[in-house]
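Colleague: Residues per chain are reported as follows:
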Amino acid sequence: MTPAQFTKEFEAVSGPLKSYLLRITASVADAEDIVQDTYLKASEKIDSFRGESSLKTWLFAIASNLAKDNARARKRWTEHVTDVCKEAALSDQQFFREAMRIRTTSPQGQFEMKEHITFCFTCIAKSLPLAQHLCLLLKEVYDFKVHEIARITDSTEAMVKYYLHTGRTKMIHIFEGRCALINKQGVCHQCTELNGIFNPKQKTQEELVKIEMVREAEKADKERLFDLRMQVVQGIDPFESGAAELQLHHLAHNRKVMEKYLEKNSD
Amino acid sequence: MNNMTAAANPIPQNGKATTVKKTFSRETSVSIAIKADPAIVWALLTHAADYPRWNSTVISIDGKIAKGETIKLKSTLAPKRTFKLRIKELELEKRLVWGDAQGNRTYTLTPQGNGTLTFTMNEKIGGFMFPLYARYLPPFDESFEQFAADLKKEAEAIQKSGK
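These protein sequences, in sequence, are chains A and B. At position 36 of the first sequence the residue is numbered 36 (our numbering), and the sequence of numbers has no breaks. At position 74 of the second sequence the residue is numbered 74 (our numbering), and the sequence of numbers has no breaks.
Calculated from the structure, these hints are not laboratory results. A portion of the hints provided could be inaccurate.
Heads up, simulated DSS-like pairs for lysine-lysine below, C-alpha to C-alpha not over 27 Å straight-line [stated by the list, open to error]:
1) 72/B to 170/A
2) 68/A to 67/B
3) 75/A to 67/B
4) 170/A to 160/B
5) 222/A to 145/A
6) 260/A to 170/A
7) 35/B to 84/B
8) 84/B to 68/A
9) 264/A to 170/A
10) 56/A to 41/A
11) 114/A to 170/A
12) 35/B to 145/A
13) 16/B to 153/B
14) 75/A to 64/B
15) 170/A to 16/B
16) 75/A to 260/A
17) 160/B to 67/B
18) 201/A to 184/A
19) 72/B to 94/B
20) 264/A to 64/B
21) 153/B to 219/A
22) 153/B to 170/A
23) 72/B to 264/A
24) 222/A to 153/B
25) 160/B to 222/A
26) 68/A to 56/A
Okay, chain A solo, but in the shape it has when bound:
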């Protein structure tokens, strides 16, 4: 493969790679740094690429390996992240002022429920152990096969299956207990609350029924509801979507709050 061919193929993968790294680190700067490092490392090692996997799998393997050494990727959040961060946001005038500024001035400042569902998944998935988190993202969001994930994470297929199963089960359990979109007893209504703030003229119920997961909430089982949630996540690129700037602002806020929270609650 010539350097020009490699660069062209890398560019085709760099979008998903960057969003994957954002979901792991919750930091735009770290995600961009790791993408660059992945490019440099892959360029150095391109002669050793034998085509035993696709180039995309190979690049994700390099990026995952780099991510494992990243301090923000290693930091694991609490599953109650949305509660902790909501409380912090309510007492942070600056956060809301900046959010409203983005909402009114940015072409990527449209608040949408689906975007927030994706954002919420990003935050809560960071409560999983890192190995489970990587496997879950690779399978459920980036559609890699188990054997490819084993290669990417330098693990066995059996362990990938274990991490996928446990990660998915935990996420289903958390959403089932918390998410009011799928469970009337759920304690978290943040997406509808924020929709009320950012889109005050919009009828929230009308927006909600556009989401298949919400429409099926009463009749579908929890596995199906999680699959539908993953379809929502798959459909949104956190850097390119209509709400990207708003959600990235929110993510940066949550990351800072969680970093303080973890520091305060460390043994």
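The hints should help you fit chain B onto chain A, whose structure is shown.
Modeller: Here is chain B on its own, set in the frame of chain A:
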């Protein structure tokens, strides 16, 4: 409690527990065939925090299941007690032993070469003081059978998952 002859015979792989009582010891065993990769069963047995999710006999395990480490286990057999147990032996995907001064719990995985493995769990409690507290020990058979059944169900579900 079951009969007194179990220790002399190989343990049947039917998920049924057997207990052998002696004056100074009591030994309970269960064995079951599991159609799963040993790595999956091993992962389930060695990820402490994950036990309550799949194992209905365990309330919690705090600590790390690694050789020389100590774990704190709460079981449904004695929910008010916390057992402090040391990881005494750990042989990857083959054998795990934890215990305290009263006894040891041993987990063994034996591949059968056809995608199936035999899982065996054994616990021997004993010593010179055993007759003094033997009567206060609850029977383990039902809990052992449940443990083995839960492990089989979870491991086989994971084995079948994914593409």
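Colleague: Determine for every hint whether it applies to the structure shown.
Modeller: Taking the hints in turn, this is what the structure says about them:
no.: 1; hint: 72/B to 170/A; verdict: holds, 22 Å
no.: 2; hint: 68/A to 67/B; verdict: holds, 25 Å
no.: 3; hint: 75/A to 67/B; verdict: holds, 26 Å
no.: 4; hint: 170/A to 160/B; verdict: holds, 18 Å
no.: 5; hint: 222/A to 145/A; verdict: holds, 22 Å
no.: 6; hint: 260/A to 170/A; verdict: holds, 24 Å
no.: 7; hint: 35/B to 84/B; verdict: violated, 32 Å
no.: 8; hint: 84/B to 68/A; verdict: violated, 33 Å
no.: 9; hint: 264/A to 170/A; verdict: holds, 25 Å
no.: 10; hint: 56/A to 41/A; verdict: holds, 14 Å
no.: 11; hint: 114/A to 170/A; verdict: holds, 21 Å
no.: 12; hint: 35/B to 145/A; verdict: holds, 22 Å
no.: 13; hint: 16/B to 153/B; verdict: holds, 15 Å
no.: 14; hint: 75/A to 64/B; verdict: holds, 19 Å
no.: 15; hint: 170/A to 16/B; verdict: violated, 30 Å
no.: 16; hint: 75/A to 260/A; verdict: holds, 11 Å
no.: 17; hint: 160/B to 67/B; verdict: violated, 30 Å
no.: 18; hint: 201/A to 184/A; verdict: holds, 24 Å
no.: 19; hint: 72/B to 94/B; verdict: holds, 22 Å
no.: 20; hint: 264/A to 64/B; verdict: holds, 23 Å
no.: 21; hint: 153/B to 219/A; verdict: holds, 26 Å
no.: 22; hint: 153/B to 170/A; verdict: holds, 17 Å
no.: 23; hint: 72/B to 264/A; verdict: holds, 25 Å
no.: 24; hint: 222/A to 153/B; verdict: holds, 19 Å
no.: 25; hint: 160/B to 222/A; verdict: holds, 19 Å
no.: 26; hint: 68/A to 56/A; verdict: holds, 18 Å
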